[in-house]
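Chemist: This is what each chain is made of:
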Amino acid sequence: MLKRKDLLGLIDASASEITEILDLAEEFKNRIKKGEKKMSYLEGKTATILFYENSTRTRTSFEEAAKYLGATTINIVAGNSSVAKGETLVDTGKTLDAQRNDFIVMRHPIGGAPYLLAKTVQASVLNAGDGMNEHPTQALLDMLTMREVFGSLKGLKVAILGDIKHSRVAKSNLFGLKTMGAEVTMYAPETLIPKGIDQLGAKLCKTRQEALDGADVVMGLRIQLERQQAGAFPSLGEYAANYGVDKRILEYAKPNAIVLHPGPVNRGVELTSDVIDHERSHIEDQVLSGVAVRMAALTLLNEARKA
Amino acid sequence: MIIRNGNVVLKNSVEKKDILIENGKIVKISDNIPANGDKEIDAAGKHVFPGLIDMHVHLREPGFEKKEDIESGAKAAVKGGFTQVCCMPNTNPVVDNKVVVTYIKAREKEVNLCKIHPIGAITKGLKGEEMAGIASMKKAGAVAISDDGVTVKNARLMRLAMEYAKGFDIKCLCHCEDKDLVDGGVVHEGLSATIAGLKGIPRAAEDVIIAREISLAETLDAEVHICHVSTYSGVRMIRDAKRAGVKVTAETCPHYYTFTDEIIRTYDTNTKVNPPIREEIDKQAILEGLKDGTLDCIVTDHAPHHADDKNVEYNYAAFGISGIETSFGFAITNLYKAGVLSLPEIADKMSYNPAKILGLDGGEIKEGGVADITIADLDEKWTIEPEKFVSKGKNNPFKGYELFGAVKYTIVDGEIKYQA
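So the protein lines, in turn, are chains W and A.
When we follow this note's numbering, the leftmost residue of the first sequence carries the number 1, and every step to the right adds one.
When we follow this note's numbering, the leftmost residue of the second sequence carries the number 1001, and every step to the right adds one.
Hints were generated in silico from the structure; no laboratory data involved.
Here the structure is a predicted model, which means the values were calculated and not measured.
Mixed in with the good hints, there may be bad ones.
If you want the footprint, here are the derived chain A segments under chain W, 3+ residues with CB under 8 Å [what the hints assert, rightly or not]:
| id | region |
| --- | --- |
| 1 | 1186 to 1192 |
| 2 | 1196 to 1206 |
| 3 | 1312 to 1318 |
Just so you know, even glycine gets a beta-carbon here, dropped at the ideal spot from N, CA and C.
The following block holds chain W by itself, in its conformation from the complex (with noise of 0.2 Å):
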């Protein structure tokens, strides 16, 4: 059983805290598959889904899936409330912890920011990304799905291509699937990875083939326009002909890859179309699987909220 108030982060994620997060997300997702949205888990919970960053697939995710649990869900994002006042971080969790919140999910665009608000609150924080830190739930269905596929995480060799340097993704998946005993692989231009990434356990390639050669897992990150305007690389054009994934470079991995992305896609600069739409992508189908990871999530905490 889960022992922690709040899921902040995978860097602190046991493998049995993974598989049992996994375990339960599988469970879930069969039953939803049969039909089943009205359960009680979460009867008579709160859940307020607290967003001070635009987000449509994770916050409608973890909407759907705390009203799957039977829970009240609120709200709230930063541009129309109290928060856009100038309400600091601190004082907005202690106003939702005397509301009785029982569980906080949070975006927001500041690393750490949900340590902050887990330390000055009752209430169960879900850290739904922040900044360039962690998105736990977001790797765990990105999990969910390779174990789908392969039976096992142990083993895999995942290689992720993109923007890593401020990727919390690519983070969160680091953490988990080393925890795992899986093979981590990144390419990207130097300007995007991060300092250090090595040292925790990721291989970085000199070239594409070699972070793809042998993959099970190709996972393409979203490249911000931002970053090419602040001098990252010098073009898209420049940075799909050397850095991007289409079918001809995809054959540099194992012949049944998956291939995955966070979302959204950039068609022709992370991926091209023919990749994206390709029978081994995982991309649109991995929306029912993040239901189910969150429902987990927000169960397993639950639990431990009651022990």
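Since the structure of chain W is provided, determine the placement of chain A on it from the hints.
Modeler: Here is chain A on its own, set in the frame of chain W:
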């Protein structure tokens, strides 16, 4: 006053002596000074240092009295063993004219604890656009000039300021930070920043300006002082420059010689300081620089903040550590007890060299010298409890850290200003 039986830290030795003080001066240093009816301090088993001088503090007054004021800062200073402090000009209004310098000197007299020396701004409003009234500030009591908190971005203006200041025998204290390279960073760029997911500040952000200031000083045959050195590469450049005869001096702070950037991983915003706490290689180089004389002074860069400025997300938190009450303890624990520096060397870094660099009276226990004295028990162990600081700034990340070296008396001009 007679200070009896203390282990007196002289320029080159530590000797058990009595010290006779009259009219604010040290009159005699010898064995068995006869009692004269004046107050006596029994310093047996304790060490008697020249009054400590911190040439880099922020007292926040005028303008930011919520963080600190001259009185609370001075109380903290004497508690920390400091008899003289030099306060940086990034107040509101900025210390960029003689009126603000005069105000601080007036407050120094009102508060009447330690000596307070204002540092004037290099440029008006710290904007880096035009020179501040350097000569008039000096006449009003400013002891140096600095745009601390920012670098004078325009190298031509910095050159002119350094050149102009030479004529008034006033030194530029340079905060070295290339903002383009900082690029919004909040911690040292390295493994810890990556683990925490916080934006890093590369060493080069500091180093390129250290290199620039050294180059300007060499070209102009001017004197320059480098503030709060935090990088190994910065230490190396300063060492090389000194060997080549460039008139450069430099300072560092306790947090740079004691800690590494791993401490940021808890997201404790009290660890956020500019320049950032760096890696083991930097810490070792700074210890080496202190040892071989590359780094002349230890300062605190005492930067008090209100809890409201720190109890926020890491990126939003203010930079700075409230450190004036812990600096002496760090020096005794991590430099003296650790075998890095002798006691006379610590007195050099924390008193003699700052006095010499800025032309202040003091810095040495000698007959005829000013009676600025710090008496401490070097074997007394104590624990850092920021909530008990007398400074308004409780922003110190080293809560619970155990230190040797407890200040017992701080004496300014022969008067006891602090007694434990």
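Chemist: Run through the hints listed earlier and report the numbers of any the structure violates, in increasing order.
Modeler: none
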